[in-house]
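Visitor: So the protein sequences, as listed, match chains A and B.
The first sequence runs 1 to 231 under my numbering.
The second sequence runs 1 to 290 under my numbering.
Don't take each hint at face value.
Pairs of lysine-lysine, BS3-like flavour, derived with a Cα cap of 30 Å [what the hints assert, rightly or not]:
id, chain 1, residue 1, chain 2, residue 2
1, B, 2, A, 118
2, B, 285, A, 83
3, A, 22, A, 97
Computed footprint of chain B on chain A; a stretch qualifies when at least three of its residues, placed anywhere within it, have a C-beta under 8 Å from a C-beta of chain B [stated by the list, open to error]:
id, segment
4, 53 to 64
5, 143 to 150
Some residues of chain A that are not near chain B, with every Cβ distance over 10 Å (derived) [to be verified]:
id, residue
6, 4
7, 29
8, 30
9, 31
10, 40
11, 41
12, 69
13, 82
14, 94
15, 108
16, 129
17, 209
18, 219
Note that these hints are calculated values from the structure, not bench results.
For every residue, glycine included, the Cβ atom is placed at its ideal position computed from N, Cα and C.
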Amino acid sequence: MLHMIEMIGVSKVYPGGCIALKDINVKIEKGEFVFLVGPTGAGKSTFLKLIFREELPTRGQIFIGGKNITRLKPKEVPYLRRKLGVVFQDFRLLPQKTVYENVAFAMEVVEASPREIKKRVPKILEMVGLSHKMNARPHELSGGEQQRVALARALVNNPDVVIADEPTGNLDPDTSWEIMELFNEINKNGTTLIVATHAKELVDAMRKRVLQLENGRLVRDEERGVYRGET
Amino acid sequence: MKLRTIRYFFKEAFVNLFRNGWMSLASIGAVASALIIFGSFLIISINFDYIAKNVESQVEITAYLEDSVNQLVLNQVEYKIKSIDGVKEVVFVSKEQALEEFKKQVGEELLEGIENPLPHSFRIKVETPQEVAAVAEKIQQIPGVEEVKYGKGVVEKLFKITHWVRLVGFAIMVIFAIISIFIISNTIRITVFARRREINIMKYIGATDWFVRWPFLIEGMLLGFTGSLIAIVLLTVGYNYLYEMVKLNIPIISLLPIEEFYDYSLGLLTIGTFLGAFGSGFSIKKFLRV
Numbered sequence: 001m002l003h004m005i006e007m008i009g010v011s012k013v014y015p016g017g018c019i020a021l022k023d024i025n026v027k028i029e030k031g032e033f034v035f036l037v038g039p040t041g042a043g044k045s046t047f048l049k050l051i052f053r054e055e056l057p058t059r060g061q062i063f064i065g066g067k068n069i070t071r072l073k074p075k076e077v078p079y080l081r082r083k084l085g086v087v088f089q090d091f092r093l094l095p096q097k098t099v100y101e102n103v104a105f106a107m108e109v110v111e112a113s114p115r116e117i118k119k120r121v122p123k124i125l126e127m128v129g130l131s132h133k134m135n136a137r138p139h140e141l142s143g144g145e146q147q148r149v150a151l152a153r154a155l156v157n158n159p160d161v162v163i164a165d166e167p168t169g170n171l172d173p174d175t176s177w178e179i180m181e182l183f184n185e186i187n188k189n190g191t192t193l194i195v196a197t198h199a200k201e202l203v204d205a206m207r208k209r210v211l212q213l214e215n216g217r218l219v220r221d222e223e224r225g226v227y228r229g230e231t
Numbered sequence: 001m002k003l004r005t006i007r008y009f010f011k012e013a014f015v016n017l018f019r020n021g022w023m024s025l026a027s028i029g030a031v032a033s034a035l036i037i038f039g040s041f042l043i044i045s046i047n048f049d050y051i052a053k054n055v056e057s058q059v060e061i062t063a064y065l066e067d068s069v070n071q072l073v074l075n076q077v078e079y080k081i082k083s084i085d086g087v088k089e090v091v092f093v094s095k096e097q098a099l100e101e102f103k104k105q106v107g108e109e110l111l112e113g114i115e116n117p118l119p120h121s122f123r124i125k126v127e128t129p130q131e132v133a134a135v136a137e138k139i140q141q142i143p144g145v146e147e148v149k150y151g152k153g154v155v156e157k158l159f160k161i162t163h164w165v166r167l168v169g170f171a172i173m174v175i176f177a178i179i180s181i182f183i184i185s186n187t188i189r190i191t192v193f194a195r196r197r198e199i200n201i202m203k204y205i206g207a208t209d210w211f212v213r214w215p216f217l218i219e220g221m222l223l224g225f226t227g228s229l230i231a232i233v234l235l236t237v238g239y240n241y242l243y244e245m246v247k248l249n250i251p252i253i254s255l256l257p258i259e260e261f262y263d264y265s266l267g268l269l270t271i272g273t274f275l276g277a278f279g280s281g282f283s284i285k286k287f288l289r290v
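Let the hints inform the model, and build the full structure from the sequences given.
Guide: Below is the structure:
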């Protein structure tokens, strides 16, 4: 069977000798919702960067949709990334573009047709509940709204996997809940989700698969898991 | 590449150009000043070259013949001179013609009633000015030739001067070309740096490197093009003024005609545009590594 994401014996040592990940073996199936938890510096960000091919593993193989991404040429990387949507803690929206333009931008970059863009962007903005703020600029929005825009941008090209690095790190608890519910909805539509987070309450309440990293090692992999501080 | 993508590149380039208004003006200013300095030295250099070539081409050999020569010897001498390698043109000047010319120079009255003291002579032009000394030496050997003059010493000095002027002019040109590249790539680096977030996001979304690069390249080319256009206009106006000034006040020196400078301005325009593209491509490289 083809796994959505598979890591085999993956280690990552940064130049200078800092060991970020040690011998990670993990499989994530299509349509799964996975929380990536662990203290700061445990290797969560590196884990996501490896999937995103921002970093290459020092050892081991990584497969996405059956394709070995450690063997990709630099020229092929953009096409891998088009199958992945990414959401950051700091939103990373373009301040001078409107909400609509920020989302449309993601489609322009992959050379979608203007007709497609006009059809798809309002749809996706409706889905994240921002139809009424289409012409606002990011600084006119609340943090939660900005993260919804970022999510809309990540989703607009129909990615197989959405990766989120601390998506609620800058948000208050109520807003964080709304974002998580949105993630849940996206997941129900069949998109695989990997969310790195510190939000204990959210993880405990959602009861999804939990991967726990500590000092670069995968110390726990639990279906319908909870956050738990220590092991 | 799709047509609407190309349109997108140009749209982005223009939007960025105006959005970074002051930065763009600074870049254009840098390109313009660099190219004005570069262009000024270019003008000086090509003019030195032009003047040097002019003087060089005026260098000629005069071979004075013995008084006793008859028509037969005259023909032989002419034939022998013509068969020397490097001789381009031989003109015979008879005693009478020489006297006429001399009269014109010093005035008719002074020479009234005097028997013509001037000998027959040949005026010889050579292919390359550097051959003058060698050719003169050979002409001296021909029987019937009494004396050969070619401004010995003066010619050699002139060659030395033009040689150095060319060398120094070229060196200064190269130095200023490097300075121009540095200024341009630095200013564009600042614009690219101001938009590193945008580049970063584009790369995360899955933009290819060339998709990211093109708008910046076009922006750089537009900056370089505009800057060099300004430089060319100012240089042309300035050179025109200088040309007229020199023509009026120092008529002996003839500068390179302004029309010939137009060819060089096309070159400057190309250089400016290329420098802009080069500078921005250079500056963006680092930010593409995501």
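Visitor: Now look at each hint and say whether the structure bears it out.
Guide: Structure-based check of each hint:
1. Only pairs whose Cα atoms come within 30 Å are accepted, and residue 2(B) paired with residue 118(A) is accepted, the gap being roughly 18 Å.
2. Using a Cα cut-off of 30 Å, the hinted pair residue 285(B) and residue 83(A) holds, with the two alpha carbons roughly 25 Å apart.
3. The suggested pairing of residue 22(A) with residue 97(A) is violated, with an alpha-carbon distance near 41 Å, which exceeds 30 Å.
4. Coverage of the segment 53 to 64 of chain A by chain B is violated [criterion: at least 3 residues with CB-CB distance below 8 Å; count 1].
5. Only residues whose beta carbon comes within less than 8 Å of a beta carbon in chain B count, and the segment 143 to 150 of chain A has 0; fewer than three means the coverage is violated.
6. No Cβ of chain B comes within 10 Å of the Cβ of residue 4(A); the nearest lies about 18 Å off, and the non-interface call holds.
7. At roughly 23 Å, the least C-beta separation between residue 29(A) and chain B is larger than 10 Å, which holds for a residue marked as non-interface.
8. Distance to chain B confirms residue 30(A) as a non-interface residue, since its nearest Cβ pair spans about 20 Å, more than 10 Å.
9. For residue 31(A), the condition that its CB be more than 10 Å from all CB atoms of chain B holds, with the nearest at approximately 22 Å.
10. No Cβ of chain B approaches the Cβ of residue 40(A) within 10 Å, the least distance being about 22 Å, so the stated non-interface status holds.
11. Every Cβ of chain B is farther than 10 Å from the Cβ of residue 41(A); the closest lies at roughly 22 Å, confirming the non-interface assignment.
12. With a least CB separation of 13 Å from chain B, residue 69(A) remains clear of the 10 Å interface cut-off, as annotated.
13. The beta carbon of residue 82(A) is not kept farther than 10 Å from every beta carbon of chain B, the shortest such distance being approximately 4 Å.
14. Non-interface call for residue 94(A) relative to chain B: violated, since the shortest CB-CB distance, roughly 6 Å, does not exceed 10 Å.
15. Not every C-beta of chain B lies more than 10 Å from that of residue 108(A), the closest at about 6 Å, which undercuts listing it as non-interface.
16. Non-interface call for residue 129(A) relative to chain B: holds, since the shortest CB-CB distance, roughly 22 Å, exceeds 10 Å.
17. Look at residue 209(A): its CB is around 25 Å from the nearest CB on chain B, clear of 10 Å, so calling it non-interface holds up.
18. With a least CB separation of 29 Å from chain B, residue 219(A) remains clear of the 10 Å interface cut-off, as annotated.
Consistency with the previously given hints fails for numbers 3, 4, 5, 13, 14 and 15, ordered from lowest to highest.
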